[in-house]
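In the order they appear, the protein sequences are chains A and B.
First residue of the first sequence? That's 1 in this note's numbering, and the numbers climb one at a time after it.
First residue of the second sequence? That's 1001 in this note's numbering, and the numbers climb one at a time after it.
These aren't lab readings, by the way, just hints derived from the structure by calculation.
Ideal Cβ placement from N, Cα and C applies to all residues, glycine included.
It is possible that part of the hints are untrue.
Unchecked claim - Partner residues aside, some chain B positions facing chain A, computed with beta carbon under 10 Å: (1) Lys1086; (2) Asn1090; (3) Lys1119; (4) Gln1156; (5) Pro1160; (6) Tyr1162; (7) Ala1166; (8) Gly1170; (9) Thr1172; (10) Ala1176; (11) Pro1183; (12) Met1184; (13) Ser1186; (14) Leu1190; (15) Lys1217.
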Amino acid sequence: MLTIDSVSKSLGEFTLSNISLSIGDGEYFIVLGPTGAGKTILLETIAGIYSPDSGRILLNDRDITDVPARERNIGMVYQDYMLFPHLTVEANIAFGLKSHRADPAFIRGKVEESAELLNISHLLHRYPGTLSGGEQQRTAIARALVMDPEALLLDEPLSALDVKTRESLRAELARIHKATGTTIVHITHNFEEVFDLADRVAIMQGGDVIQVGTPEEIFRRPNSDFVAGFVGVENLFRGTGSPDGTVAVGDLRIRVENGIPGPVSVAIRPEEILLSKTALPENGRNVISGRVDSVRPNGGLVRVSVDAGVPFRVTLTRQGFEEAAIAPGDTVCLAFRPSAAHVYSPGEGEEA
Amino acid sequence: MNLKNSSYFRMATVAVALLIAAFIIMVLVGVVTHSPPAVLIECLLSEEIQFAIRLSIITSIISTLLCILVAVPVAYALARYTFPGKTVMNMLMDIPMALPPLVAGVGLLLFFGVSPVGKSLAAAGLTFVFTPLGIIVAQFFVNLPYMLRVTRSTFQGVNPRYEYVAKTLGCTDAQAFWRVTLPMSSNGLLAGSVITWSKGIGEFGAALMLAGATRMKTETLPLSLFLNMSTGKLEYAISAATILILISVISLYVFERYGGATHVY
């Protein structure tokens, strides 16, 4: 159990303001946020590189706030690997065990074991400069894991890799987490990593944690415009909620998942909306008619803008788009379930 | 600017560069080829030049080692930590480099000759004025800024995150420095040491002031060049100059080869 209790840290342009997080034993926890959100400082503070200005950090019921990094037994892996270039892969992995003056035979066994776990046994005698990005990152992970850390911190571990390597290493991370059961805190700005890896996610912005939940919760029930935008909710409307579970947006009255009275935001994911040229039956859904503004192919998907009094964005698969045979100017019918329309109160300080 | 003008411009700048290169080569080759080889070798083997070579090598190696010993911790502090007065200290450390060596020499002479510190050092048996020890101190004082600058920029070039990782792997600050930052800086340190040594072996002004120019006592290669020039023994002066040229060229090569991205200025 890793507990971050009201931790604040100011470090020039980057800050952490009163962060509290509780990460369970063996949990894979992802911290998601844009560049400059303070994610790396958070990890470096957990690792003991910086000591917090205020607040406490507890690891398995031990207060480690004032424990130096070398005595925390927390592993750290950076985006740029930070492998020691003057040491072989083997010596890199053995580095930490040598710090603790472990027995050479024990070190050899542990190094071989970690190298095997990361599939880099054949690279042990190479120098980091001769390895590919993926191999370097495997080495960096092995170097941290060989210490049997109580927590493993990953700072954008996949961001410097090409697409193919990133995917295979992402799968590796899932496998390693399963095999070792290590508590992992992984930070990234890439939402894709969340679904494959995370048990829970925290969203950070400007030094604050603004939402914590399962990937599904964050994805479908954002609590703010920032989170909604970050996870790709393209339909965000301001409206007035009624106690009967509807929200008035312009002339529309949308039935929603969670009714909150007063001024609210409604978030609807573009892929949750059904689109058809023929009228769609209600069946408890919101059915709205509008006119197609534009059609934009985007890789395997097609993005359609519809003017229904308010602008809607709908994402269709190419197959679905071809079957619907839609062109700009067509009158179309939009349908979505109330559960697809998530409502939250616009937070203070957010633009109205 | 049209194409024709720009190509004239290009020709003009390259021409100046070629002229200067030719000038430098003529000056150096002029020195090296002035004496017939037999005379050059005879001078090089003379007792006086042999003494100068020995004294130059010993003093410059010791002063370079002292520079390394001081520059490494100071450069690390300046590269990694923030502390009050750091900016002023950075400037202060560079002053000896901007100073004419003769001025540095006068300062050293006064410090070791008449100041209470100098007097008590002399009382304790450490005499720097007009002794070979003075040569070492003069070289150290004038050349420390060069070593410091190269070392500082080398340390700055090592991402502190290497040390962070080392600390999460059980290292103290000192161990992280010793096991990671120092070995990663070896090329820069080698380059800095070579340039410091080469400048030390050529140090004249400050050494002349503090250690004087006594034949066969404080006679390093540049002082030998000066003494023999003054007394008209041109062949001896030339042989000392030839060695200094060779040392400069070789050390510049080593510096460029291993210095990488480090800059003295």
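Structure-based check of each hint:
The restraint placing lysine 1086 of chain B at the interface with chain A is violated, with a minimum CB-CB distance near 16 Å, outside the 10 Å limit. Because the closest C-beta pair between asparagine 1090 of chain B and chain A is about 19 Å apart, greater than 10 Å, the hint is violated. Restraint check, lysine 1119 of chain B versus chain A: the minimum CB separation of about 46 Å is more than 10 Å; hint violated. Annotation: glutamine 1156 of chain B was flagged as interfacial toward chain A, and the flag is violated, the nearest CB pair being 16 Å apart, outside 10 Å.
Annotation: interface hint on proline 1160 of chain B holds; nearest CB of chain A at approximately 9 Å, less than 10 Å. Residue-level restraint check for tyrosine 1162 of chain B holds (minimum Cβ-Cβ distance to chain A is 5 Å; threshold 10 Å). A hinted interface residue such as alanine 1166 of chain B counts as satisfied when its beta carbon comes closer than 10 Å to some beta carbon of chain A; here the least separation is about 7 Å, so the hint holds. Because the smallest distance between the Cβ of glycine 1170 of chain B and any Cβ of chain A comes to about 3 Å, under 10 Å, the interface hint for this residue holds.
A hinted interface residue such as threonine 1172 of chain B counts as satisfied when its beta carbon comes closer than 10 Å to some beta carbon of chain A; here the least separation is about 6 Å, so the hint holds. The restraint placing alanine 1176 of chain B at the interface with chain A holds, with a minimum CB-CB distance near 9 Å, inside the 10 Å limit. At a threshold of 10 Å, the smallest CB-CB gap from proline 1183 of chain B to chain A is about 5 Å, leaving the interface hint in force. Using the Cβ-Cβ criterion of 10 Å, the hint placing methionine 1184 of chain B at the interface with chain A is satisfied: the shortest such distance is roughly 6 Å.
Annotation: interface hint on serine 1186 of chain B holds; nearest CB of chain A at approximately 8 Å, less than 10 Å. The criterion of a C-beta within 10 Å of any C-beta in chain A is not met by leucine 1190 of chain B, whose closest approach is roughly 13 Å, and the hint is violated. For lysine 1217 of chain B, the shortest C-beta to C-beta distance to chain A is roughly 44 Å, which exceeds 10 Å, and the interface hint is violated.
In summary, the structure is inconsistent with hints 1, 2, 3, 4, 14, 15 from the numbered list given earlier, while agreeing with the others.
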